[in-house]
Every structure is written in C-alpha cells, then in structure tokens.
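Using the sequences plus the hints, can you model the full thing?
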Amino acid sequence: MAAIEFIAARKSYGASIAIHELDLVLPPGAFTVILGPSGCGKSTLLRMIAGLEGISGGELRIGGARMNEREPKDRGCAMVFQNYALYPHMTVAENIGYPLKVGGVRRAERQARVAEAAAALGLDALLDRRPGQLSGGQRQRVAMGRAMVRRPRVFLYDEPLSNLDAKLRVQMRLELRRLHEQLGATSVLVTHDQQEAMTLADHLVVMRGGRVEQEGRPREVYAAPASLFVAGFLGTPAMNLLPGAVTPDGAGLRLEGGVVVPLPLRLPAGQAVTLGIRPEHVGEGDLEAEVALVEDLGASLLVHARLAGGAAMALHRPAELAPARGAALRLGFDTARLHFFDSGSGQRIGGEGGRGASPAGAGEAARRPALLATT
Amino acid sequence: MQRRATFRSPWLPWMLVLPQLLIIFVFFYWPTGEAFQWAFTLEQPWGGGREWVGWQNFAEVFSSQHYWSSVRISILYAVATSALAIGIGLLLALFVDREVAGSRGWRLALIWPYAIAAPAIGMIFRFVFDARAGVFSLFNAMMPGLWDPSLNGTHALLMLILAGAWQLVAYNFVFFLAGLQSIPRGLNEAAAMDGAGPLRRMRDIQMPLLAPTFFFLVIINLTDSFTNSFGLVDIMTAGGPARATDLMVYKIYSDGFKGLDYSGAAAQSIVLMGLVVALTFIQFRFVERKMHYR
Numbered sequence: 000m001a002a003i004e005f006i007a008a009r010k011s012y013g014a015s016i017a018i019h020e021l022d023l024v025l026p027p028g029a030f031t032v033i034l035g036p037s038g039c040g041k042s043t044l045l046r047m048i049a050g051l052e053g054i055s056g057g058e059l060r061i062g063g064a065r066m067n068e069r070e071p072k073d074r075g076c077a078m079v080f081q082n083y084a085l086y087p088h089m090t091v092a093e094n095i096g097y098p099l100k101v102g103g104v105r106r107a108e109r110q111a112r113v114a115e116a117a118a119a120l121g122l123d124a125l126l127d128r129r130p131g132q133l134s135g136g137q138r139q140r141v142a143m144g145r146a147m148v149r150r151p152r153v154f155l156y157d158e159p160l161s162n163l164d165a166k167l168r169v170q171m172r173l174e175l176r177r178l179h180e181q182l183g184a185t186s187v188l189v190t191h192d193q194q195e196a197m198t199l200a201d202h203l204v205v206m207r208g209g210r211v212e213q214e215g216r217p218r219e220v221y222a223a224p225a226s227l228f229v230a231g232f233l234g235t236p237a238m239n240l241l242p243g244a245v246t247p248d249g250a251g252l253r254l255e256g257g258v259v260v261p262l263p264l265r266l267p268a269g270q271a272v273t274l275g276i277r278p279e280h281v282g283e284g285d286l287e288a289e290v291a292l293v294e295d296l297g298a299s300l301l302v303h304a305r306l307a308g309g310a311a312m313a314l315h316r317p318a319e320l321a322p323a324r325g326a327a328l329r330l331g332f333d334t335a336r337l338h339f340f341d342s343g344s345g346q347r348i349g350g351e352g353g354r355g356a357s358p359a360g361a362g363e364a365a366r367r368p369a370l371l372a373t374t
Numbered sequence: 000m001q002r003r004a005t006f007r008s009p010w011l012p013w014m015l016v017l018p019q020l021l022i023i024f025v026f027f028y029w030p031t032g033e034a035f036q037w038a039f040t041l042e043q044p045w046g047g048g049r050e051w052v053g054w055q056n057f058a059e060v061f062s063s064q065h066y067w068s069s070v071r072i073s074i075l076y077a078v079a080t081s082a083l084a085i086g087i088g089l090l091l092a093l094f095v096d097r098e099v100a101g102s103r104g105w106r107l108a109l110i111w112p113y114a115i116a117a118p119a120i121g122m123i124f125r126f127v128f129d130a131r132a133g134v135f136s137l138f139n140a141m142m143p144g145l146w147d148p149s150l151n152g153t154h155a156l157l158m159l160i161l162a163g164a165w166q167l168v169a170y171n172f173v174f175f176l177a178g179l180q181s182i183p184r185g186l187n188e189a190a191a192m193d194g195a196g197p198l199r200r201m202r203d204i205q206m207p208l209l210a211p212t213f214f215f216l217v218i219i220n221l222t223d224s225f226t227n228s229f230g231l232v233d234i235m236t237a238g239g240p241a242r243a244t245d246l247m248v249y250k251i252y253s254d255g256f257k258g259l260d261y262s263g264a265a266a267q268s269i270v271l272m273g274l275v276v277a278l279t280f281i282q283f284r285f286v287e288r289k290m291h292y293r
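Protein chains in written order, with numbering that gives the first Met the number 0: chain V, 0 to 374; chain R, 0 to 293.
Don't read these hints as lab results, they were simulated from the structure. There's no promise every hint is true.
Said to hold, decoys possible - No more than 20 Å apart at the CA atoms, straight line, and that leaves these computed lysine to aspartate or glutamate pairs for EDC-like: (1) Lys-72(V) x Glu-188(R); (2) Lys-72(V) x Asp-203(R); (3) Lys-100(V) x Glu-188(R); (4) Lys-100(V) x Glu-42(R); (5) Lys-166(V) x Asp-192(V).
Stated by the list, open to error - Ranges between beta-carbon positions, derived for each pair: (6) Arg-284(R) x Asp-127(V): 23 to 29 Å; (7) Thr-198(V) x Ala-177(R): 54 to 60 Å; (8) Arg-106(V) x Arg-202(R): 14 to 20 Å; (9) Ile-22(R) x Ala-14(V): 50 to 56 Å; (10) Ala-177(R) x Ala-64(V): 40 to 46 Å; (11) Thr-198(V) x Ala-82(R): 53 to 59 Å.
We treat Cβ as the ideally placed atom computed from N, Cα and C, and that holds for glycine.
See below:
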C-alpha cells in the first residue's frame, strides 16, 4: 500500500494556474475521493498522479519515492478513464490483457490472469466481444479489469460513473467499493457528484479553484464544513444558508427578516455572519414560516418554507405529515446543529470545523495544517 | 438539423446545377461515349465513315506483346509508387501527430507538394536525376555507368516511381494526419498507462485504428498511379528508353495521337477504365464496409 504525497506541488499552463501550491497526503490503502465542481482542477490533480500531466513545481511522491520525472508506466498506477478508453479493435480479453502483453507476461499466465479478472467482474461470457458490442456498464467493467490485471499500487478513477444511468451508477458504486476492499490498493476517485463522494470515500478532499478547500472523513466534512462553499456543495438538498448580522450585544444573530438566533459564542457586533442548517436538522420551535412548496421524495417529504421576512428554508418532514401549500409552520433549530460562517471570507466560525481537523480518528492527512486556513 | 432549401419554381434548382451537369457531360460522359464508339469500330483510311468491327480492336490489343509489357510496367509502377507514398506519408504523419518541435510548420510544408502540377514535378525531377548534370554526374564521374535513366530502363522507371511517390506523399500525409487526430486522445493515454511506449502505441493502437484510412488511400493511390501518371511520363521519359516506362495511360496517348490508331487507343482506354472501376468497386464493396469499428 502506497501513500500519495503532494509537496508544494503546482501546475500551471502558461500564465493560468490549474493547481496552486498544494500540500496533500492521500493515506495509503484508503479510498480517497476528490470532489469539486467542474474546472476546479480535480482531474488535473489525478492526471498529475498518473503522469499524464507534468508537474510545474514541487514534488509528487508515491510510496515515498519521487515521481515527477517518471513515465506513467513506471509509477505503478492504473487508471479508469471517464469514457473508458477501451481499444475498439481489440476484444474484451485483449483489452484486459493488453497491459500484461506490453509488460511481456507469457501467454499462459496472461490468459490465467485475464480469466481471473474477468471472473471477479462477471465478464466471463463476454471475453470474445468487442467494446462496441457492450453496454455502458459492461464497458466500465472492462476498463476496471484492464486496471486490475496489472495489480497496481494505486487505482485512479476519473469520473468513472458519470456516463452511466442512475440505477447502474448506484450498482457500480457498490462494486467499486467492494473491489477496493478486495484489492487493498490505494484508490483515488475524482467526481463532481457529492453523493458518490460521501458513499465511497474513506478520505474526502473537496477542491475549489485549484486549491483544497477541506479534507477529512466524509462524515466529519459533512458535519463540520470548513467554509460556505463546502457547506453549500456537500449534501442534497443543500444546507440552508441564511445571511445575517451580529446583534449589538454580540450574543445573537439577526437574520434578514428580523428573526434573532442566539449565538453559541461571542462575536463582534455588526459582523456579517451566515447561518447554516441542514434540512434534516430543522425541527419544531417558535419561528413562524409558511409552506411554499412540497416535494415528495418517497421516503420523506422535502418542504420548502418561507420564514417571516422572506428567507427560504428547506426541511425534511416524515411522509405521513404532508403540510398543505400555504400552511403555517413553526420551526426551530437544534443549536448544536447550527453552523456559522463569516459572510465575507466564507470561513467557518467556531466549532471544531476548521479544516475537518477533528482529532477523533482522522487520517494522518487530516492532521496536516490547513492550507486555506492560513490564507 | 435539417436544412432544406425550397424553390418556388421547379426550374430554378435545375438551372442552378446545370453548369455542373454540363461540365460533367462535356468532359466526361461524352468522351467516354466516343471512346466506346471508337473501340468497337474502325475508321476508313481516308475518312468516309466508320465500320463496325466488334471485339476486333480488343483482340488486337490483347495479342500485342507491347501491350502486356505496358500492363506489367503499369502495375509495377502503381504498386511501388503507392507503397512508397503511403509508407512515407504515414511515417511523416505519425511524427507530426506527436507534436515534435515545429510540427505546425512542417504540416503546412508537407501539404504543398500536392498543389504542384505533375509536369512541373516531372521537370524538376528530370533535372535532379539527369545523368549529365547535378549530383548524378558527379557519381557517374566516379563510377561510370552508375546511373543513366535515358539509357537504362530500370533507372528510368525508378526515377518515375520516386517522382510519382513524392507527389502522392503530400496527399497521403493529409489523410493520415486527419485520421490520427480523430483517434481519441484517451486511447493513447490509456495505452501509455498500460505501459506502452510511443513506438508500441503506434503499432498497437494508432496503426490498427488507421486501417480505414489506410485502405482508402491504397485504392486512391493505385487509381491515381494508373490514371494520373501521364504528365510525369510525358515530361520525364516519353515512355522510353525502349518502352521501359511506357505506362498504360501513356501508351493510349502515343498509340492514339502519335500512331494515329484511334480505335486501338480507345480499346485500351476502355480496359484502363474497367480497371479503375474494378478498384473503386473493391473500395466500396469490401474495404469501406469491413474496416470500421464501433
């Protein structure tokens, strides 16, 4: 098992910077998911690990050894591409066996290893087909087989599930996780789908604009987002974010519309602060609201309500208690579940959020000093 | 996206395509019809009508020893020229596709030769390969009799092949480069991750995926070598020495317009046309269908 370390690594194309100076450790043997909106540099990061993009500055280490100058094939990485990149002129067996063929493995052993990989992925019956004759999910498996067969130290996945339909995506997600557990190699997956990230990751890295916004265990990142960006990006439906200002006595937050929420800590009077609360944490209380729209999610309801003063608020309700549109609600927040962010800088205020640096069992990586927190 | 022009008058569309149809008719169908007519008739010696002779012209052509030697030379020329032009075109395209330094400039430079008229190329190559001037006069001075296309038939044919190939390389290069650039980048990257070096990737990934382009070019090159070599032959060797470069297309001209055997020449041109039609048929029937993946 090999850790992947970025030490002050940079990537720029001429004047435009894709990855700002980056210090990041992806723990060995873990399933790391790099999450971010398109254009945040996450794919570039993956391709830097693979060796498909050069590194403009700093260092990349895999398993402790410097990788900057090594060819892709010498890094011990295998990659599954977004469009699978299967060789259209080769059969499934030839596709899976190609890395071994190039590596000079004897025919008999090659066939045995291809058969082994095919069996693990349920591809036995398809070995003689060409990629053009396969469905999306099957192509995906072939791409994974081609990656597996080399027994690499590191698996790299570049949005591998984004071309599949919703049902297949969930199924392949499970399979990816199962394979990871079976193979025990370090896996890195890039995605813009936060649900995929939450479910797959041992270690979650949220990126934005070529920098790491937050990293840690998915649960920790979800429970204590380090910034407004992470808070809004992670979770469906998104966290409710309500702008406001600290009251003159510094003990409360006056939301737009006049509602005052008590602050758990003292803040300078007048500071612009955004309150965050996840829809599942909105309970009953004495805040007046009116139902604007109800979405039936099947297992539960998602209620879009409007607070007195106009601020919008989404909340979950059990499926049985469907409120009518226009009905009056009385909402309340569990103060322990509230998040506060500086509206100007977007940084989290108070709580153990920080950069997800909760001491409880966070990987070695999570204990590294925060990148963004220092800026 | 369906864009269809609609015309109010039923005549307008026909009027618009008329010039093109006229050109095709005057310069293609009409001469072809005339050739057929000549091929099956014989002209009276001092004019005064033609006489229908059936297959007699063809029988005469096929029983001629010179004709068969011309066919042999033509096939040799076509195969050698195509092989050389395709090989070099592919090699150049592979290198330019790898974005070697200055490949943008090379790309432009490599496309130009196709725009040069055959007689101009013939003229240049005639000077280049002249036994009594330039580089080869120097070699001949060192080793007398080493090179003389005006006396040695093999030398003459070789010179013709080189000139023909030089002209076709540019054309092939353009098609190969387009073919290479239509191969998804991901495939190359995947192969790189799988451990294949640049040469291995060319062999295992790029060449097989270029197969449709390759076979298309084989047919085009062969056809072109059979039909378009007149300009080169006329300028460089005029069929000589001793009929050593008397390609089919040149023989049609020399028999018809120099030997004044219109009927024999017409029969020969029908045979050549049949050959080109056959090649085109192979192209559409087998190659186009089989060579596509996905």
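Hints, verified against the model:
Restraint check: the Cα-Cα separation between Lys-72(V) and Glu-188(R) comes to about 10 Å, which is no more than 20 Å; the hinted pair holds. Distance check on the hinted pair: Lys-72(V) and Asp-203(R) sit about 16 Å apart at the alpha-carbon level, within 20 Å; holds. Between the alpha carbons of Lys-100(V) and Glu-188(R) the distance comes to roughly 17 Å, so the proposed pair stays at or under 20 Å and holds. Distance restraint check for Lys-100(V) and Glu-42(R): the Cα-Cα separation of roughly 69 Å exceeds the 20 Å cut-off, and the hinted pair is therefore not satisfied.
For the hint pairing Lys-166(V) with Asp-192(V), the CA-to-CA distance comes to about 14 Å; that is within 20 Å, so the pair holds. Checked against the given bound of 23 to 29 Å, the beta carbons of Arg-284(R) and Asp-127(V), roughly 27 Å apart, stay inside it. Range check, Thr-198(V) to Ala-177(R): about 43 Å between beta-carbon atoms, so the 54 to 60 Å window is missed. For Arg-106(V) paired with Arg-202(R), a C-beta distance near 18 Å keeps the hint of 14 to 20 Å intact.
With their beta carbons about 53 Å apart, Ile-22(R) and Ala-14(V) fall inside the hinted range of 50 to 56 Å. Between Ala-177(R) and Ala-64(V) the C-beta distance comes to about 41 Å, which sits within the given range of 40 to 46 Å. The hint said 53 to 59 Å for the Cβ distance between Thr-198(V) and Ala-82(R), and at roughly 57 Å that hint holds.
When the structure is compared with the earlier hints, violations turn up for hints 4 and 7 and for no others.
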